[in-house]
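Protein chains: 2
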Amino acid sequence: MKDIRSISTSTQFCAVIGNPIAHSLSPAIHNAAFVELDLDFVYVACRVEDVKNALAGMRALNNFRGMSITIPHKIEAMKHVDEIAEIDRTIGSINTVINEQGKLLGLGTDGPGALKAIIDAGVEIDDKNILMLGSGGAARAISFTLTRNAKLEKLSILDINEIMLQQLTTDLKAGTDTFIKSELLSERSLATAMENADVIIHCTPIGMQPNEDASLIPAEFFQSKQVIFDIVYTPLETKLLADARSRGLKVISGVDMFINQAVLQFERFTGVDAPIEVMRRVVMEHLASH
Amino acid sequence: MKDIRSISTSTQFCAVIGNPIAHSLSPAIHNAAFVELDLDFVYVACRVEDVKNALAGMRALNNFRGMSITIPHKIEAMKHVDEIAEIDRTIGSINTVINEQGKLLGLGTDGPGALKAIIDAGVEIDDKNILMLGSGGAARAISFTLTRNAKLEKLSILDINEIMLQQLTTDLKAGTDTFIKSELLSERSLATAMENADVIIHCTPIGMQPNEDASLIPAEFFQSKQVIFDIVYTPLETKLLADARSRGLKVISGVDMFINQAVLQFERFTGVDAPIEVMRRVVMEHLASH
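Residue numbers (the working numbering), protein chains in the order written: chain A, 14 to 303; chain B, 14 to 303.
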């Protein structure tokens, strides 16, 4: 038990900002972790429209240590911090801000969270063919993180949005040495891509509640030994993952990426190893009850 | 017990800003009161140099409900809020900011806190001669609050700083109907003023730790039936109050004003009656242990 009466003038605080914010799990996750490790931190949530001034305020408030940024502010927030790592600038969004004594450092933990989920699942990606479905913000974060941290044989990307697909392809070709192949998503291009893919990473909203009966990949496209990673985590087991699991394929759930992005934020906020099982339990309890 | 794990996306937060801030009692006082009433609030502290951006941030962060402003920001903060009551503009400082859905309302609770201390002590000020020693920020807040809320017979003000004294006198004459008499502070002017005063309000730092052996008023100046109110509360009983008490005079301690200004802030933050005895206990425990 950690009573709010233990808060003193040295207590640091963090906040998640977004709009809307009512359904964010971040206060529950981070406060549980602070209590677990008896850290002198507290975490709140704010609906924010004016990202610039929210960040200006963070810079001015010395105990405002960390911020989680969620939809729709992940791109806008980049403009108002003081330093961003090159990879995050290339990805084009951030989900975390650290206040280093008045200097705001922006960074992303979605890509690293996905990479950690892959590694923790014991899945090898060096020398593998990776198929990424989707080219939006999450796809950008994951594709840059994977290509910068592993030696993929090939990264194929399919999307129905030609402009976003082309932009990501161009940026990846400029920013990595990985062989990139991109194509407009169609049943035919998907069928072909699935034939040679070792790891499939699904980065579109298809299958998310309330459309949980949908899956982008027809079950007959699966090949044995493929690994299916779905970044959607509501529901916890999407139709895509259920289909893959029923064919005996290895699956990675989006909830692992979600937990990991919070774990990596927590470690940047506090400088200590996160109590990951406590954080996982909070996430699972909340998702199971909704 | 109110665990920080109870914090959710609907939890509102407040903060005290100042520089330095390490010795502020505000987090302890307000969090104890939140817990007592089981309110969904939490209170932190921040050292701040850039008041403008601290307030801009408050405006942008929807759950940042209330702010206490302490030294040296009580004057500067006025420039960066959206609305200030006329009396607080005239006083020239604020110690409280309320965030009303993105509109910042600035106000002062020092004067009202002093008035409440006088009323709670059962001291009548209507038709009385009030002697105020000092003309700084606290004197301004108290003198305007008393003259606007009571029908004083006379308010006499003494100070060694002629410029501040003249400014306050001019402002009071323009802003109230009360008969104001001001004079440079000397042993002689003090002796004369003490002869006719009913209530003496000491608003200078004389007698404050570490100079607790000092008192501005020689004990032989006291008249029977006078009331002595010392706004200094470190030590809890100043030499001035001890001298007055030993002569059988009624005294009002600065700690009552200090508690009341927090009580009035709390009520503006939360909209509910403050648990004043809990707040008093926190203040007394902290002051007794230092």
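Fair warning: there could be bad hints in the mix.
Any copy will do: because identical chains look the same in the list, a pair fits if it lies in one copy or spans two.
To be verified - Below, simulated DSBU-like cross-link-like pairs (lysine-lysine); rule was C-alpha separation at most 35 Å, straight line:
| no. | residue 1 | residue 2 |
| --- | --- | --- |
| 1 | LYS65 | LYS116 |
| 2 | LYS164 | LYS15 |
| 3 | LYS252 | LYS65 |
| 4 | LYS116 | LYS92 |
| 5 | LYS65 | LYS92 |
| 6 | LYS167 | LYS65 |
| 7 | LYS92 | LYS263 |
| 8 | LYS15 | LYS65 |
| 9 | LYS92 | LYS186 |
| 10 | LYS167 | LYS116 |
| 11 | LYS238 | LYS65 |
| 12 | LYS15 | LYS141 |
| 13 | LYS252 | LYS92 |
| 14 | LYS186 | LYS15 |
| 15 | LYS15 | LYS116 |
| 16 | LYS164 | LYS129 |
| 17 | LYS238 | LYS263 |
| 18 | LYS194 | LYS252 |
| 19 | LYS65 | LYS194 |
| 20 | LYS263 | LYS116 |
| 21 | LYS238 | LYS92 |
| 22 | LYS164 | LYS65 |
| 23 | LYS15 | LYS252 |
| 24 | LYS116 | LYS129 |
| 25 | LYS238 | LYS15 |
Everything labelled a hint here was simulated from the structure, so no lab data went into it.
Evaluation of the provided hints:
In this assembly of identical chains, LYS65 and LYS116 lie within 35 Å of each other by CA distance both inside one copy and across copies; the values are 14 Å within and 17 Å between. Taking the shortest alpha-carbon separations for LYS164 and LYS15, neither the intra-copy value of 45 Å nor the inter-copy value of 50 Å comes in at or below 35 Å. Neither within a single protomer nor between protomers do LYS252 and LYS65 lie at most 35 Å apart by alpha-carbon distance, with minima of 39 Å and 51 Å respectively. Taking the shortest Cα distances, LYS116 and LYS92 sit within 35 Å of each other both inside one copy (14 Å) and across copies (25 Å).
When the C-alpha separation of LYS65 and LYS92 is checked against a cutoff of 35 Å, the pair qualifies both within a copy, at 8 Å, and between copies, at 20 Å. When the C-alpha separation of LYS167 and LYS65 is checked against a cutoff of 35 Å, the pair qualifies neither within a copy, at 39 Å, nor between copies, at 51 Å. In the homo-oligomer, the alpha carbons of LYS92 and LYS263 never lie at most 35 Å apart, since the shortest distance is 39 Å inside one protomer and 61 Å across protomers. Taking the shortest Cα distances, LYS15 and LYS65 sit within 35 Å of each other both inside one copy (33 Å) and across copies (33 Å).
Taking CA atoms no more than 35 Å apart as the test, LYS92 paired with LYS186 passes inside one copy only; the shortest distance there is 24 Å, against 51 Å between copies. For a Cα distance limit of 35 Å, the shortest separation of LYS167 from LYS116 qualifies neither inside one copy, at 38 Å, nor across copies, at 53 Å. For a Cα distance limit of 35 Å, the shortest separation of LYS238 from LYS65 qualifies neither inside one copy, at 47 Å, nor across copies, at 59 Å. Within a single copy, LYS15 and LYS141 get their C-alpha atoms no closer than 47 Å, and across copies no closer than 51 Å, so neither meets the 35 Å cut-off.
Taking CA atoms no more than 35 Å apart as the test, LYS252 paired with LYS92 passes in neither setting, with 38 Å inside one copy and 57 Å between copies. Taking identical chains as interchangeable, the C-alpha atoms of LYS186 and LYS15 are never at most 35 Å apart, the minima being 50 Å within one chain and 53 Å between chains. In this homomeric assembly, LYS15 and LYS116 come within 35 Å of each other (Cα to Cα) both inside a single copy, at 30 Å, and across copies, at 33 Å. In this homomeric assembly, LYS164 and LYS129 come within 35 Å of each other (Cα to Cα) only inside a single copy, at 16 Å, whereas the closest approach across copies is 72 Å.
Taking CA atoms no more than 35 Å apart as the test, LYS238 paired with LYS263 passes inside one copy only; the shortest distance there is 7 Å, against 88 Å between copies. Taking CA atoms no more than 35 Å apart as the test, LYS194 paired with LYS252 passes inside one copy only; the shortest distance there is 27 Å, against 83 Å between copies. Proximity of LYS65 to LYS194 under the C-alpha cut-off of 35 Å is found in neither arrangement, the shortest distances being 37 Å within a copy and 50 Å between copies. For the homomeric pair LYS263 and LYS116, neither the shortest alpha-carbon distance inside one copy (43 Å) nor that between copies (53 Å) is at most 35 Å.
Taking identical chains as interchangeable, the C-alpha atoms of LYS238 and LYS92 are never at most 35 Å apart, the minima being 43 Å within one chain and 66 Å between chains. Within a single copy, LYS164 and LYS65 get their C-alpha atoms no closer than 38 Å, and across copies no closer than 49 Å, so neither meets the 35 Å cut-off. Taking the shortest Cα distances, LYS15 and LYS252 never come within 35 Å of each other, neither inside one copy (40 Å) nor across copies (40 Å). In this homomeric assembly, LYS116 and LYS129 come within 35 Å of each other (Cα to Cα) only inside a single copy, at 28 Å, whereas the closest approach across copies is 43 Å.
Taking identical chains as interchangeable, the C-alpha atoms of LYS238 and LYS15 are never at most 35 Å apart, the minima being 47 Å within one chain and 50 Å between chains.
Violation of the numbered hints given earlier is confined to hints 2, 3, 6, 7, 10, 11, 12, 13, 14, 19, 20, 21, 22, 23, 25; the remaining hints are satisfied by the structure.
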